[in-house]
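Based on the provided sequences and hints, a complete structural model is requested.
All letters in the sequence shown, in the order written, are residues 1 to 291 by the working numbering.
In case anyone wonders, no lab produced these hints; they're calculated from the structure. Incorrect hints may appear among the rest.
[To be verified] Computed list of lysine-lysine pairs in BS3-like fashion (alpha-carbon distance at most 30 Å, straight line):
no.	residue 1	residue 2
1	Lys-179	Lys-212
2	Lys-227	Lys-189
3	Lys-287	Lys-158
4	Lys-267	Lys-290
5	Lys-125	Lys-158
6	Lys-125	Lys-212
7	Lys-158	Lys-179
8	Lys-125	Lys-267
9	Lys-267	Lys-189
10	Lys-179	Lys-227
11	Lys-290	Lys-265
12	Lys-212	Lys-227
13	Lys-265	Lys-212
14	Lys-290	Lys-125
15	Lys-125	Lys-184
16	Lys-267	Lys-212
17	Lys-265	Lys-287
18	Lys-267	Lys-287
19	Lys-227	Lys-158
20	Lys-125	Lys-287
21	Lys-290	Lys-158
22	Lys-125	Lys-265
23	Lys-189	Lys-265
24	Lys-189	Lys-212
25	Lys-290	Lys-99
26	Lys-99	Lys-267
27	Lys-99	Lys-125
28	Lys-290	Lys-189
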Amino acid sequence: MVMITLEQIKAAKKYNKKKSGTLWNHSQLPLPLCDLVVDSDSFALFIAQDQCKYNKTIDGKLGPDTLGLYPEAALITQKWVYGIDVSRWQGTINWHLVKQDDIEFAIIKCAQGNSQSQNFVENAKTAEAVGLTLGYYAWPTPGTDGEWDVNDEIRAIKRITDDMPDIHLPFAVDIEANKEGLSKEDYTKWMTEYCEALEGIFPTGVMLYTSKRNVDEFFTTDHTLGKYPLWCPRYGSNTGNIQDSIQPEIPHGWDNWIIWQYTSKAKVAGITTNVDKNIARYEWIYKYLKR
1 MVMITLEQIK AAKKYNKKKS GTLWNHSQLP LPLCDLVVDS DSFALFIAQD QCKYNKTIDG
61 KLGPDTLGLY PEAALITQKW VYGIDVSRWQ GTINWHLVKQ DDIEFAIIKC AQGNSQSQNF
121 VENAKTAEAV GLTLGYYAWP TPGTDGEWDV NDEIRAIKRI TDDMPDIHLP FAVDIEANKE
181 GLSKEDYTKW MTEYCEALEG IFPTGVMLYT SKRNVDEFFT TDHTLGKYPL WCPRYGSNTG
241 NIQDSIQPEI PHGWDNWIIW QYTSKAKVAG ITTNVDKNIA RYEWIYKYLK R
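This is how it looks when you write it as structure tokens:
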């Protein structure tokens, strides 16, 4: 927490009037004596007045802080950490240039079903070597060829990631398809077993990449996968700029997202193609960031 003066509050409110709506409209805040200020595209600032014992975050969740200890106003900063996710479609990547373009984390595709992803080894080793916070993701294929055995794909992921750099982030499960047309009950059971098996491989745990539409289509309403952090896509007009994007709808089973993939058309130094770009909530990701 950083203490600020009334003059700074007035300046921030003036700025907020000019910039309101750039990222999040201040009217969305649940407390009447709070204003949200967007500073460029990387910080959201809460100006909290009054002697509150609790202050609500951008999520609308209650969380204890020390505002009640101070009669002065307090400034709380929320940093949005930028990252990318890549697969074979990005070709050869100059990870040194990526790192220099204010990218702090990279999530790299390692597998689809039982098969290793092209460029995985080079991408993982080089991204880790330049100092990026590293994550892997896989596209599972439940029910392919009529097979149920989750362990086939788990063994493949273990084999593919053995002797590779350890990841800092939870392992991501990319849930976008049900190509075999499994019932919601079977699909939910398969994915639950798959994620629980992955927890035994990766000490950092598991997170899910999916959308509200996919959860509604693939999962039963009583699924328990909401215990895993949510990485959620939603692009809006998909110009590559976060200002033109729309925050994701939250699927049933989760309270909120922790990573938002806000475009598939970002331009990042060191990558010749468009690339998916994400922001992660700092209060979640800070414990994983490579220092």
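**Asked** Within 30 Å, alpha carbon to alpha carbon, are Lys-227 and Lys-189?
**Response** 15 Å, holds
**Item:** Hinted pair Lys-125 and Lys-287, Cα distance within 30 Å
**Value:** 22 Å, holds
**Item:** 30 Å Cα cutoff - pair Lys-287, Lys-158
**Value:** Given pair Lys-287, Lys-158 holds - Cα atoms ~24 Å apart, limit 30 Å.
**Asked** Lys-290 and Lys-189: Cα distance at most 30 Å?
**Response** Distance ~34 Å between Lys-290 and Lys-189 Cα, so the pair is violated.
**Asked** Does Lys-267 pair with Lys-290 here, judged by a C-alpha cut-off of 30 Å?
**Response** Holds. Lys-267 to Lys-290 sits at ~23 Å (cutoff 30 Å).
**Distance restraint between Lys-158 and Lys-179, which requires alpha-carbon spacing of 30 Å or less** = Judged against 30 Å, a Cα distance of about 24 Å means the pair holds.
**Prompt:** When you check the alpha-carbon spacing of Lys-125 and Lys-184, does it fall within 30 Å?
**Reply:** 37 Å, violated
**Request:** For the pair supplied as a hint, Lys-290 and Lys-265, confirm whether the alpha-carbon distance does not exceed 30 Å.
**Result:** 26 Å, holds
**Restraint check for Lys-267 with Lys-212, where alpha carbons must lie at most 30 Å apart** = Given pair Lys-267, Lys-212 holds - Cα atoms ~26 Å apart, limit 30 Å.
**Prompt:** Given the hint that Lys-227 pairs with Lys-158, does the C-alpha gap stay at or below 30 Å?
**Reply:** 23 Å, holds
**Message:** Check the hint pairing Lys-189 with Lys-212 against an upper bound of 30 Å on the C-alpha distance.
**Reply:** 18 Å, holds
**Prompt:** Regarding the pair Lys-265 and Lys-212, is the alpha-carbon distance no greater than 30 Å?
**Reply:** Holds, at roughly 21 Å.
In summary, the numbered hints that this structure violates are 6, 9, 15, 23 and 28.
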